[in-house]
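Asker: So the protein lines, in turn, are chains A and B.
Take 0 as the starting number for the first sequence in numbering that gives the first Met the number 0 and just add one per residue.
Take 0 as the starting number for the second sequence in numbering that gives the first Met the number 0 and just add one per residue.
Note that these hints are calculated values from the structure, not bench results.
Treat the hints loosely; a few may be bogus.
Between beta-carbon pairs, the in silico distance windows are [claimed, not checked]: (1) B:D202 with A:E40: 51 to 59 angstroms; (2) A:A38 with B:A21: 19 to 27 angstroms; (3) A:R37 with B:Q189: 49 to 57 angstroms; (4) A:R34 with B:G198: 49 to 57 angstroms; (5) A:A41 with B:M194: 49 to 57 angstroms; (6) B:V165 with A:A38: 49 to 57 angstroms.
Treat the numbers as computed from the prediction; the structure is a model and nothing was measured.
Backbone N, C-alpha and C define an ideal beta-carbon position, used for all residues, glycine too.
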Amino acid sequence: MMSHAAYVIASYAVAAVTVAALVAWVVGDGRARQRELRALEAAGIRRRSAEAPSGEGK
Amino acid sequence: MSENSLAIRKFSDLANPTRFLALADRILPWLAALAALFFAAGLWLSFTTEGDYQQGETVRIMYVHVPSAWLSMMCYTVMAISALGTLVWRHPLADVSAKSAAPIGASFTFLALVTGSFWGKPMWGTWWVWDARLTSVFVLFLMYLGLIALNRAMEDPARSARVSAVLILVGFVNIPIIKFSVEWWNTLHQPASVMRLDGPTIDPEFLRPLLVMAVAFTLLFFTLHIAAMRNEIWRRRVTSLRRQAARHAGRETLAP
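In isolation and in its complexed conformation, chain A is listed as follows (with noise of 0.2 angstroms):
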């Protein structure tokens, strides 16, 4: 049988991680998918938009 406040501080462990792990995914993500449009912008692939202002490229 454990104690109290090891449920407690278990719950605040398993909250801490979870939030750290989506706060990574995020960040990691973002990251990644910038370093992706960097190198294409760097192969001088761009946007049909960014030439012409109208609209959006799908």
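Given the structure of chain A, go ahead and fit chain B onto it with the hints provided.
Answerer: This is chain B only, laid out in the frame that chain A set:
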């Protein structure tokens, strides 16, 4: 495109992903800082306020459990509104919103289930019971996983958008079932004590940390959601740019 035309004046201006990205860049740091601030205050209150005379220290689990459970339902509601946006208004960002919310919703539902278990073991004497509230939240968790799997299974967002929007709306029936399960059926889970027509029935000593943590979790959700939406827009741009590059390369080899 002049800087002026990127300003968001009305809701429909958000439909332009470039405008959305500009807005996201501006508000994300503030939203994240505000969330951190509320978390600092909430955590401090969570551990400095008194324990309950019956629950003892385990009442502190509630300060994580209840906000997670609220968010699990709010996130699905955000997805349902986004699904309407996809089907009714064909809002270009609606699908981006629904798709990027699903993993966040799944995480908070998982948290609600796990912290509930950690409270249930010392207080009820069991990790889990198949009562209406616990079962319906478990079904919500499975629905989130199903929607994530569906989004991953279909490569083309244009095709998966409508399918997942219909599925999200069908699944929305579960949200009122979760909310009212504790009233409709005889559950081991206690009935609502905060969101009641006659006002909260819990002591301010517990209500204060609970509400601060609820605000903190909500701010965290919107920070993550906006950031994940921005990632999804970037992801779609990378895909379309690569397709464009491939088309271009094909044309060059065909016409020497």
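Asker: Now tell me if each hint is right for this structure.
Answerer: Now for the hints, and whether the structure bears them out:
Checked against the hint of 51 to 59 angstroms, the pair D202 of chain B and E40 of chain A passes, with Cβ atoms roughly 57 angstroms apart. Here the CB-CB span from A38 of chain A to A21 of chain B is close to 22 angstroms, well matched to the stated 19 to 27 angstroms. Between R37 of chain A and Q189 of chain B, the C-beta spacing of about 52 angstroms keeps the proposed range 49 to 57 angstroms intact. Restraint check, R34 of chain A to G198 of chain B: a C-beta distance of roughly 51 angstroms satisfies the suggested window 49 to 57 angstroms.
The hint said 49 to 57 angstroms for the Cβ distance between A41 of chain A and M194 of chain B, and at roughly 52 angstroms that hint holds. Taking the beta carbon of each, V165 of chain B and A38 of chain A are about 36 angstroms apart, not inside 49 to 57 angstroms as hinted.
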